[in-house]
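Taken in sequence, the protein lines are chains A and B. Using this note's numbering, the first residue of the first sequence is number 1, and each one after it goes up by one. Using this note's numbering, the first residue of the second sequence is number 1, and each one after it goes up by one.
Everything labelled a hint here was simulated from the structure, so no lab data went into it. Remember, it's a predicted structure, so these values are computed and weren't measured experimentally. We put the CB at the ideal spot given by N, CA and C, even for glycine. It is possible that some hints are incorrect.
Unchecked claim - A few chain A residues that face chain B, going by a derived Cβ cut-off under 7 Å, partial list only:
(1) N12
(2) D14
(3) L18
(4) K67
(5) S96
(6) S97
(7) E99
(8) V119
(9) D120
(10) F121
Claimed, not checked - Lysine to aspartate or glutamate pairs mimicking EDC-like chemistry, simulated, CA-CA at most 20 Å apart:
(11) B:K542 with B:E595
(12) A:K25 with B:D432
(13) B:K425 with B:E403
(14) B:K425 with A:D37
(15) B:K425 with A:D14
(16) A:K24 with B:D432
(17) A:K67 with B:D432
(18) B:K112 with B:D180
(19) A:K67 with A:E122
(20) B:K425 with A:E123
(21) B:K425 with A:D120
(22) A:K25 with B:E403
What the hints assert, rightly or not - Cβ pair distances, simulated, as ranges:
(23) B:I518 with A:I115: 41 to 51 Å
(24) B:R473 with A:N26: 35 to 45 Å
(25) A:N26 with B:E368: 45 to 55 Å
(26) B:R571 with A:A3: 51 to 61 Å
(27) A:L133 with B:P449: 15 to 25 Å
In case you want the letters, here they are:
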Amino acid sequence: MEAMRILLVEDNPDDEELTLRAFKKNNLANEVVVARDGVEALEYLFPEECDQRQHERIPDLVLLDLKLPRVSGLEVLKQIRSTERTRRLPVVVLTSSNEQRDVIESYDLGANSYIRKPVDFEEFITGVRQLGLYWLVLNQPPPR
Amino acid sequence: MQWIRKRPSVTRAPRSLHARWHMPSLVAFALASAILIGASITAYLTVRQTTTSSGEVSASAEASVALEQVLTDVSLARTAQAGYFLTRDPRYLDTYRQAVSALPGVLDDASKLIATDATQQSRLASLRQHTLGFLDASAARDEAIRTSDPSALVTTAEQVRTEGDAARGLVREMQTAETDLLREQSARADAAVRRTVLITAALTGFAILVFAGAYVFLSREIGRRRNVERDLERSLAKARDLYDHAPCGYHELDALGRIVSMNTTELNWLGFTEPEVVGRSFADLLSPTSRDLFEAQLQVGELAEFREFELTLRRRDATELPVLVAVRTLPEPAGAVTRMTVFDITERRLTQATIERLNRDLTIRARELEAANAELEAFCYSVSHDLRAPLRTIDGFSSALAEDYEDKLDEAGHHLLRRIRAATKHMGQLIDDLLSLSRVTRAELIREPIDLSATARAVCSELRAESPGRDVRCIIPDGISANADARLLRIVLVNLLGNSFKYTAKHQAATIEFGQNIESDGTRTYFVRDDGAGFDMRYADKLFGVFQRLHNSRDFPGTGVGLATVQRIVRRHGGEIRAEGEVEKGACVFFTLGEDDAEQTAQLQAA
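Whenever a hint applies, use it, and build me the whole structure from the sequences.
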């Protein structure tokens with residue numbers, strides 16, 4: 001089975017490291033690509049025409065933080081959902097905010113799931129495990 | 001206002017004074033006149049009757065006298081006859097002849113005077129015969145005496161006697177008859193007089209009564225009229241007073257717009273005396289701009305219709321007075337009359353200005369508040385993101401450190417790391433609680449009927465699920481409802497029931513109760529009771545302070561924000577909260593949700 005590719009969109013280097021560590025602890029030996037802000041994420045998902053990355057396949061799962069510099073997570077989400085190629089791409093919003101309007105807007109824009117990053121690392125590890133198991137193993141991905 | 005006093009027994013509609021007067025007085029006078037006329041007629045008739053009777057009476061008396069005269073005359077004749085017979089004196093013969101010739105006349109007189117009664121007349125006729133007979137017999141007797149014829153003496157003496165007796169008898173008869181007649185007539189006359197007197201007296205009496213009645217009636221009516229006039233005067237005085245001292249100004253203009261009259265209030269406002277304004281054009285009292293407006297308004301509109309508009313009057317001292325006037329022009333035979341009511345709107349203008357100013361201030365303030373709220377919103381949002389990220393980092397890397405250098409750290413080192421992680425977790429909780437508290441303050445309060453029993457049950461199930469294996473009995477009766485914000489009340493119950501769960505954790509079995517008490521005046525008090533650790537009532541007033549705790553965090557974890565949040569929610573609903581407790585016996589938190597006030601406000605607003 002091909003390794004699942006995860007696109008992690010996270011600007012905080014600490015959070016990035018911790019998330020990767022959590023993945024490793026859960027043996028979710030997947031390829032994790034990190035985009036450090038909205039622009040990078042979009043460049044990765046929607047490369048320029050003449051870029052050879054076009055041939056690369058899109059990720060199997062996007063973990064999207066909301067508060068990003070330059071282009072925000074919701075903007076990225078909007079783009080993902082409005083492009084044919086990535087319309088059905090599973091997107092899990094992974095953010096520290098649990099403000100009502102963030103939740104509402106995320107779902108309105110078509111996020112598949114909304115997870116609040118806990119402070120407690122143990123909890124985070126458990127969460128990541130559950131997340132990985134669900135989205136990468138249990139969940140039936142959309143056809144390519 | 002009833003100006004005319006009603007008669008007590010009147011059942012008809014009250015008529016004007018004149019009409020009430022007219023009929024009865026007419027009737028009374030007619031009656032009195034009729035009575036008097038009647039009395040006069042009766043008296044007249046009776047007087048005439050009396051006169052007739054008197055005439056008859058004197059006639060009867062004269063008749064008696066006349067009859068006596070007959071006898072006298074006859075006696076005279078006889079005496080003369082006898083005298084002549086004895087003395088042959090020619091003087092006696094003359095007397096005799098005189099008497100005899102006078103006799104028919106006397107008899108005629110008598111016949112005229114005696115009653116026309118048939119009996120009397122026949123008697124008279126007989127008397128005539130017998131008197132003549134008497135005289136003849138007397139003459140024969142005298143002859144017999146002269147001739148001394150004894151038989152002739154006897155017969156003639158007999159004849160004389162018979163004739164004489166007959167004549168005398170007849171006269172007596174006639175006289176008696178006349179006397180009887182006289183008596184009869186007198187009696188009748190007396191009776192008639194008595195009757196007349198009685199009738200006259202009676203009629204006069206009636207007349208007096210009628211006049212007395214009329215007098216009483218008149219004086220009563222006059223009295224009434226005086227009362228009515230007095231009432232009228234009083235009412236007029238009252239109306240005049242009302243007019244003069246009304247809280248608004250009144251004045252009247254003639255067809256040319258000149259002031260005819262003005263009430264005291266308006267005169268005082270303007271500082272004029274009545275003589276100073278009467279006859280002047282009203283436009284003189286207006287400010288120049290108002291003058292045009294006034295003229296224009298007078299042209300427009302139907303007559304007798306009220307028009308209202310604002311003007312500026314000028315006082316005697318040339319200061320201005322803003323007023324609202326109501327104008328009405330009435331056509332009257334002597335010329336159109338314009339009546340105006342004047343309201344001093346100085347207060348109103350000031351109030352309007354104040355209101356406008358306050359509104360402006362309020363708008364500014366509201367905008368400031370909105371801005372502040374927006375800032376707070378942004379702040380909270382930042383907090384929820386930015387403060388938690390470093391916490392996550394601290395906890396994450398501490399954990400990583402503990403793991404990766406597990407064997408390189410001793411127990412003390414691990415312990416330190418554990419403490420670090422505990423602190424970060426606590427801080428995360430604090431941030432969440434504070435965010436929640438601030439959200440509670442900012443959130444819009446939407447009141448609706450909610451089923452608190454259902455909410456409480458749901459919360460209890462969640463709490464039970466979080467702590468499986470605990471023996472907790474939740475007593476939640478059905479039908480507890482409230483008129484409040486559903487989300488905020490959920491937070492209240494989560495906190496209170498959560499506290500109860502927390503503070504009963506050290507006990508083997510626990511009983512938690514949620515319920516309501518309904519007071520006599522209908523207010524509802526809700527409560528959450530447990531039989532857990534309780535608290536010392538001495539520190540009860542600290543219970544709801546932010547970050548205030550009455551228990552050690554070693555025994556019972558917590559941030560000390562939960563009850564502060566509950567209090568804020570309850571207070572926002574306009575309710576009150578208090579707690580009772582006893583160490584190790586349990587605690588009970590009571591709260592109200594200001595529902596009666598809210599209902600009243602809603603009713604007032606809906607009205």
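Query - 20 Å limit on alpha-carbon distance, applied to hinted pair B:K542 and B:E595 - result: Judged against 20 Å, a Cα distance of about 26 Å means the pair is violated.
Query raised in the report: Taking the closest Cβ pair, is A:D14 under 7 Å from chain B?
Result: holds, 4 Å
**Report entry** Distance restraint between B:K425 and B:E403, which requires alpha-carbon spacing of 20 Å or less
**Finding:** holds, 18 Å
**Report entry** A:N12 as an interface hint toward chain B, with CB separation required under 7 Å
**Finding:** holds, 6 Å
Requested in this report: Have a go at the A:S96 hint: is there a Cβ in chain B nearer than 7 Å to its own Cβ?
Outcome: holds, 5 Å
Query raised in the report: CA of B:K425 to CA of A:E123, is that 20 Å or under?
Result: holds, 11 Å
Query raised in the report: Is the interface hint for A:K67 satisfied, with its Cβ closer than 7 Å to some Cβ of chain B?
Result: holds, 5 Å
Query raised in the report: Straight-line Cα separation of A:K25 and B:E403 no greater than 20 Å?
Result: Satisfied, since the Cα-Cα distance of roughly 11 Å is no more than 20 Å.
Query raised in the report: Do the alpha carbons of B:K112 and B:D180 lie within 20 Å of each other, as the hint requires?
Result: holds, 18 Å
Query - Interface hint compliance - A:D120 to chain B, C-beta minimum distance less than 7 Å - result: At about 5 Å, which falls below the 7 Å cut-off, the nearest Cβ of chain B leaves the hint on A:D120 intact, so it holds.
Query - Restraint outcome when A:E99 is required to lie within 7 Å of chain B by C-beta distance - result: It holds, given that the least Cβ distance between A:E99 and chain B is near 6 Å, below 7 Å.
Query raised in the report: B:K425 and A:D120: Cα distance at most 20 Å?
Result: holds, 6 Å
Against the hints set out earlier in the document, violations occur for numbers 11, 12, 14, 16, 19, 27.
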